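*Asks:* One-letter residues, chain by chain:
2 protein chains.
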Amino acid sequence: MLTFFLDKQSDSSLYEQLYEQIKLAIAEGKLKKNEKMPSKRKLANHLKISQTTIESAYNQLLAEGYINSIAKVGYFVTTDLELLSNRKHLPIQGYEKIKHDEFLVDFKTNQVDSESFPYEKFAKIERDVILDNLKNNLNRGESFGVYEFRKKISEILFSYRGIKASAEQIIVGSGSEHLILLLTLMLGRDKIYGVEDPSYIKNYLLYQAYGVKVKTIPLDEEGISLDELMKQKCDVVHVTPSHQFPSGIVTPIKRRMELLRWANENNNRYIIEDDYDSEFRFSGNPIPALKSLDKFDKVIYMNSFSKTLAPALRISFMVLPANLIKVYQDNLGFFSSSVPTTNQLILERFIALGEYEKHLNRMKNNYKQKRDYLLKLLLESDLKSNLVIRGEEAGLHFLIKIKTDYLENDLVEMAKDKGLRVYGLYEYFIGKPTDEGVKTIVFGYSNLSFEQMQEGVKLLSLAWKNI
Amino acid sequence: MLTFFLDKQSDSSLYEQLYEQIKLAIAEGKLKKNEKMPSKRKLANHLKISQTTIESAYNQLLAEGYINSIAKVGYFVTTDLELLSNRKHLPIQGYEKIKHDEFLVDFKTNQVDSESFPYEKFAKIERDVILDNLKNNLNRGESFGVYEFRKKISEILFSYRGIKASAEQIIVGSGSEHLILLLTLMLGRDKIYGVEDPSYIKNYLLYQAYGVKVKTIPLDEEGISLDELMKQKCDVVHVTPSHQFPSGIVTPIKRRMELLRWANENNNRYIIEDDYDSEFRFSGNPIPALKSLDKFDKVIYMNSFSKTLAPALRISFMVLPANLIKVYQDNLGFFSSSVPTTNQLILERFIALGEYEKHLNRMKNNYKQKRDYLLKLLLESDLKSNLVIRGEEAGLHFLIKIKTDYLENDLVEMAKDKGLRVYGLYEYFIGKPTDEGVKTIVFGYSNLSFEQMQEGVKLLSLAWKNI
Numbered sequence: 001m002l003t004f005f006l007d008k009q010s011d012s013s014l015y016e017q018l019y020e021q022i023k024l025a026i027a028e029g030k031l032k033k034n035e036k037m038p039s040k041r042k043l044a045n046h047l048k049i050s051q052t053t054i055e056s057a058y059n060q061l062l063a064e065g066y067i068n069s070i071a072k073v074g075y076f077v078t079t080d081l082e083l084l085s086n087r088k089h090l091p092i093q094g095y096e097k098i099k100h101d102e103f104l105v106d107f108k109t110n111q112v113d114s115e116s117f118p119y120e121k122f123a124k125i126e127r128d129v130i131l132d133n134l135k136n137n138l139n140r141g142e143s144f145g146v147y148e149f150r151k152k153i154s155e156i157l158f159s160y161r162g163i164k165a166s167a168e169q170i171i172v173g174s175g176s177e178h179l180i181l182l183l184t185l186m187l188g189r190d191k192i193y194g195v196e197d198p199s200y201i202k203n204y205l206l207y208q209a210y211g212v213k214v215k216t217i218p219l220d221e222e223g224i225s226l227d228e229l230m231k232q233k234c235d236v237v238h239v240t241p242s243h244q245f246p247s248g249i250v251t252p253i254k255r256r257m258e259l260l261r262w263a264n265e266n267n268n269r270y271i272i273e274d275d276y277d278s279e280f281r282f283s284g285n286p287i288p289a290l291k292s293l294d295k296f297d298k299v300i301y302m303n304s305f306s307k308t309l310a311p312a313l314r315i316s317f318m319v320l321p322a323n324l325i326k327v328y329q330d331n332l333g334f335f336s337s338s339v340p341t342t343n344q345l346i347l348e349r350f351i352a353l354g355e356y357e358k359h360l361n362r363m364k365n366n367y368k369q370k371r372d373y374l375l376k377l378l379l380e381s382d383l384k385s386n387l388v389i390r391g392e393e394a395g396l397h398f399l400i401k402i403k404t405d406y407l408e409n410d411l412v413e414m415a416k417d418k419g420l421r422v423y424g425l426y427e428y429f430i431g432k433p434t435d436e437g438v439k440t441i442v443f444g445y446s447n448l449s450f451e452q453m454q455e456g457v458k459l460l461s462l463a464w465k466n467i
Numbered sequence: 468m469l470t471f472f473l474d475k476q477s478d479s480s481l482y483e484q485l486y487e488q489i490k491l492a493i494a495e496g497k498l499k500k501n502e503k504m505p506s507k508r509k510l511a512n513h514l515k516i517s518q519t520t521i522e523s524a525y526n527q528l529l530a531e532g533y534i535n536s537i538a539k540v541g542y543f544v545t546t547d548l549e550l551l552s553n554r555k556h557l558p559i560q561g562y563e564k565i566k567h568d569e570f571l572v573d574f575k576t577n578q579v580d581s582e583s584f585p586y587e588k589f590a591k592i593e594r595d596v597i598l599d600n601l602k603n604n605l606n607r608g609e610s611f612g613v614y615e616f617r618k619k620i621s622e623i624l625f626s627y628r629g630i631k632a633s634a635e636q637i638i639v640g641s642g643s644e645h646l647i648l649l650l651t652l653m654l655g656r657d658k659i660y661g662v663e664d665p666s667y668i669k670n671y672l673l674y675q676a677y678g679v680k681v682k683t684i685p686l687d688e689e690g691i692s693l694d695e696l697m698k699q700k701c702d703v704v705h706v707t708p709s710h711q712f713p714s715g716i717v718t719p720i721k722r723r724m725e726l727l728r729w730a731n732e733n734n735n736r737y738i739i740e741d742d743y744d745s746e747f748r749f750s751g752n753p754i755p756a757l758k759s760l761d762k763f764d765k766v767i768y769m770n771s772f773s774k775t776l777a778p779a780l781r782i783s784f785m786v787l788p789a790n791l792i793k794v795y796q797d798n799l800g801f802f803s804s805s806v807p808t809t810n811q812l813i814l815e816r817f818i819a820l821g822e823y824e825k826h827l828n829r830m831k832n833n834y835k836q837k838r839d840y841l842l843k844l845l846l847e848s849d850l851k852s853n854l855v856i857r858g859e860e861a862g863l864h865f866l867i868k869i870k871t872d873y874l875e876n877d878l879v880e881m882a883k884d885k886g887l888r889v890y891g892l893y894e895y896f897i898g899k900p901t902d903e904g905v906k907t908i909v910f911g912y913s914n915l916s917f918e919q920m921q922e923g924v925k926l927l928s929l930a931w932k933n934i
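Chains as they are written, first to last, in my numbering: chain G, 1 to 467; chain F, 468 to 934.
Don't read these hints as lab results, they were simulated from the structure. Only a predicted model underlies this, so the values are computations on that prediction, with no experimental measurement involved. Hints may be right or wrong, so weigh each one.
Keeping only pairs whose Cα atoms sit at most 25 Å apart, straight-line, the calculated BS3-like set for lysine-lysine is [said to hold, decoys possible]:
#, chain 1, residue 1, chain 2, residue 2
1, G, Lys-124, G, Lys-108
2, F, Lys-831, G, Lys-370
3, G, Lys-295, F, Lys-490
4, G, Lys-121, F, Lys-602
5, G, Lys-124, F, Lys-591
6, F, Lys-721, G, Lys-36
7, F, Lys-658, G, Lys-23
8, G, Lys-135, F, Lys-721
9, G, Lys-135, F, Lys-591
10, G, Lys-40, F, Lys-721
11, F, Lys-721, G, Lys-32
12, F, Lys-825, G, Lys-326
13, F, Lys-837, G, Lys-135
14, G, Lys-191, F, Lys-680
15, G, Lys-30, F, Lys-503
16, G, Lys-254, F, Lys-500
17, F, Lys-835, G, Lys-368
18, F, Lys-475, F, Lys-515
19, G, Lys-418, G, Lys-370
20, F, Lys-602, G, Lys-33
21, F, Lys-825, G, Lys-135
22, G, Lys-135, F, Lys-831
23, F, Lys-588, G, Lys-135
24, F, Lys-835, G, Lys-135
25, G, Lys-164, F, Lys-825
26, F, Lys-870, F, Lys-932
27, F, Lys-499, G, Lys-254
28, G, Lys-254, F, Lys-870
29, F, Lys-835, G, Lys-121
30, G, Lys-295, F, Lys-932
31, G, Lys-358, F, Lys-602
32, G, Lys-254, F, Lys-762
33, G, Lys-254, F, Lys-490
34, F, Lys-499, G, Lys-121
35, F, Lys-669, G, Lys-23
36, G, Lys-213, F, Lys-658
37, G, Lys-364, F, Lys-591
38, F, Lys-602, G, Lys-72
39, F, Lys-793, G, Lys-202
40, F, Lys-588, F, Lys-825
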């Protein structure tokens, strides 16, 4: 009879040790296919352990199919396993940790001010929601999102963006990744999608990844070019009319109307209005959303809480035209929500308590101060005569056109040499920039302190002192 | 000169009223394209309000493109708008609220016990994470998920499932919706995917929605049929080897090895191991994951915290074979995480503090007690001689084969007549059930109280008293 060495001092139980050793004996061919196992009684006597221990080990081996049992005859090995392994840790080939260059100051755009998030308030509301509200919602994950939360979104949309949308039209999703996915599935893979160029390149990559035809449409001074849209035979166009990213262009009312008319000419056509940072306009009121003018119900409105609260929350939403609601429900209604129920309940309460509005007002002031300070630093620096500032009225970035003979890329590289990251407009082009001589730098400032801005402009003056 | 009626008692500011009324005048054709607007001074005198108010209104109209400004000449209407509307709320056609039938007792399977969630602990950890930890993570959303959390998942996988996977191999995602999406994008739309039949039908629907070819593969008594897998020329197969859903079959070691060998025969082949509820095995140890035997690195392991914690959390994850990590990073690395950073940090701490392990042990006992109680009720009921119980060793459901001349569907309908929802095995078939005479009912019990189970079995005895 095969013997097994069991260690009573070991951390694993005797049953686990025995089970492991029998498995090993099978793997090593010491126990062969169809071989009869010793009876529980015999093995217990042989190993001087209880029959219950043997039984537990045999039961586990039975459950996993290493042995089978024939009533009143005994247990038999079922398999010969050349494959079973104490599998070694495979080396992780091909994985390179993504390296982010470290800069002294980084004027990146997709950030919120991490000093100003209402941590205490949020923690309190989270706690209240978990203790008061989660029990009835623990097994929820409805496809459109939590209804109460969607109702609050509908209220916000009306008061901030002039949009009349009912909660039934709203779908909550975890980022543009999810919403654009749902749209391509609803609108169809056979459609031609158009995106602005330059733009937030990720959206272009998403359409590509999802396997749909996507065209880049150039801008003129009023936003996306309608002529190009038609020339390229787009069915669906993804635009940022209230504050084009990154150019800052506000599409005027005339072009908006033309866009709406274009969409209404054909049943297949839709406009996706990406309203990513329209809440922050520093003079006057926000520009009303294109959706608020959408008499024909051809605009799919999309926004997120990434700029108004934090990217880490991963909460976005969209407003569907009425006729797409049924398309979604019939075809994709089996999807569970991509956003945790808790997070939706928390944000619902955050809005209901008026905290969202307070936070937005606070942040508008905060970002305005930062913008003013950075503009002041730039306009008082040695660079001042080389700079033309644009698109500073809204959003969390502005553009500076530089008067110089250097190329845009040179400007970015000179800044990098001083440990500074600024972004050339060319970095936002999907195709080739139409005008090589644009020489425009995009400045984000939302998560920079006043000290960092000082440092940044000081370094920039050094970097560009000979332009 | 056009006049405007401004109400000083109104909630809207004078500037907003003026802006709205000028817009309306343009929309109604009272102000025509190219018409010169009154100068700020003149209009201020005329309306007896300050010039600053006029300026604010004109600036907003300028920003939105209703008027333009020619230096030293004045402001001009830019557009004639037949389209502009005080858009009425569109009726939401085609939207029907999904109606869920209400039952006295519902033996559904996809639930956790909402009485036993560690609300207090969770609330405390959430609070700590938000106050201590969120500031540095507010702008994070890395594609693979939060590294520290993935490290914890890797530890859990080793101790509960015998899987040696490094954090670098793990991708966190919001449910199978997201993970299956990423897989179809990584493995390719040209591949043929196979799913078990019967199974959790949602996965089949997901593959379909994502536009890939998906075949249904029947089961035999050892799990998925390898012959059918080959006959249908599948490249990728989605299986639940440790506890087939819903049949409860544990795929024995021999079939597991055959599956692994099948996958290793061709570079294109992969096995997706869906390990949805393997943590709950009521006798002996959990069945080791197929992935733990995966010497060739052909298994993509997938699991979630939906059964172990709650569906509402929407946190799933998968382990990629080493060679797919680079594929993901190169092609989909621009995706932001679909799970909020906060939630990942919270779960990381929940695990690190040992709370996850405690909760699992507690729930294993809890669910075992519920299972034992329900089995006892059934085996002591008037129905006892008609019942054969199966698949009760593991997971949060079991099956009962009913000895009767009635059809399975009749049994379900008779139960419904008494306000009771039980689930026929046929409801989990994508194609036609292979054997019409199976007459097997799937019982979930995880979110039922003892009282509800009593009530349920009482009603069932009435419903089925004449079978």
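*Asks:* Which numbered hints does this structure break?
*Replies:* 1, 2, 7, 8, 12, 15, 17, 20, 25, 28, 29, 30, 32, 34, 35, 37, 38
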